[in-house]
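Visitor: Listed here are the chains, written in short residue letters.
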Amino acid sequence: MTAPTNRHVVVGVVGHAGTARTLAWAISETVTTGAQLVVVHAAHGLRGGLGALQMVDRSAAGAVAAARARLGDTSVRIIISPGSPGDLLVREAGPDDLLVLGGPTRSGWSERAGTVRDVMARARCPVILVSEQWELPVNVLSTAPRPWSRA
Amino acid sequence: MGDRHRIVVGVDGTEGGRRALGWALHEAVTRGGSVRAVMSWRWDTASPTDSSETVRSDAERTLREEIAQQGAATDVAVSAEVVEGRAADVLVHAAKDADLLVLGSHGHSRVYHTVLGSTAQEVVESAPCPVVVIPAGPR
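Residue numbers (the working numbering), protein chains in the order written: chain A, 341 to 491; chain B, -11 to 127.
If you're looking for bench data, these hints aren't it; they were derived computationally from the structure.
Careful: at least some of the hints might be erroneous.
As the list claims (entries may be wrong) - No farther apart than 20 Å at their CA atoms in a straight line, the calculated lysine to any residue pairs in the SDA-like style are these:
id, chain 1, residue 1, chain 2, residue 2
1, B, K84, B, R(-6)
2, B, K84, A, S399
3, B, K84, A, G389
4, B, K84, A, E472
5, B, K84, B, E3
6, B, K84, A, R457
7, B, K84, B, T107
8, B, K84, B, T2
9, B, K84, B, Q58
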């Protein structure tokens, strides 16, 4: 299987439990299709790459580092930057890309409804919502690098 | 993802459904997958003068036409299914064994229900697989 030419899988990392599932799906999609992974997190007063991600979410940083080791540094880009999550995500995802976000949590939409609403209204590409209720299938577990393979 | 990427797409005769079907077909061509196009119908929401048979056959015709319009140029395996029931229930059930469920959004708005639509929101909350929402396109 191949990905459309130059596709980026842009995934929003928000620093809570649902991120594991969302990131696992995005990494698996990247591994399967050969697309480039772009990991995005909006943080006040923080800017950078893997080091900054480690400060925000150590587990996510571990998974992204594993994905980099498997796919190569040039296939995984990390953007930690101040600003609104919606602005960052919409800016990074072009018309041929995929935007991957967490869907509803077990308690509903409240935690991330604002970002999802904002992105849905402005996205230039398909938006994939990965719900917390969704069980990670075996094919995703086997494709995504650790530690999500144990998630 | 398996070797055969199974994509379920909701089609409803609207522009949003058309965008969803178009993206699903393109994705299936690119990934070597299959597409299952699903349309729901309900007699209790149709015109009181229409029989259930009329409503169902109208839905079947619409779905056939939508697929023919977009699918004719592709070599993708496309199956079509018209199912009686609430759209959200029908789509969630159809996605049971799918890798992706594809829906069209209702357009640009800051109001969440309008952007996603109440059916799409309900589907996202209950779907057994990731849900792809195709936006209305750049403004």
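Visitor: State for each hint whether it applies.
Guide: Results of checking the hints against the structure:
{"no.": "1", "hint": "B:K84 x B:R(-6)", "result": "11 Å, holds"}
{"no.": "2", "hint": "B:K84 x A:S399", "result": "30 Å, violated"}
{"no.": "3", "hint": "B:K84 x A:G389", "result": "37 Å, violated"}
{"no.": "4", "hint": "B:K84 x A:E472", "result": "16 Å, holds"}
{"no.": "5", "hint": "B:K84 x B:E3", "result": "25 Å, violated"}
{"no.": "6", "hint": "B:K84 x A:R457", "result": "26 Å, violated"}
{"no.": "7", "hint": "B:K84 x B:T107", "result": "17 Å, holds"}
{"no.": "8", "hint": "B:K84 x B:T2", "result": "24 Å, violated"}
{"no.": "9", "hint": "B:K84 x B:Q58", "result": "25 Å, violated"}
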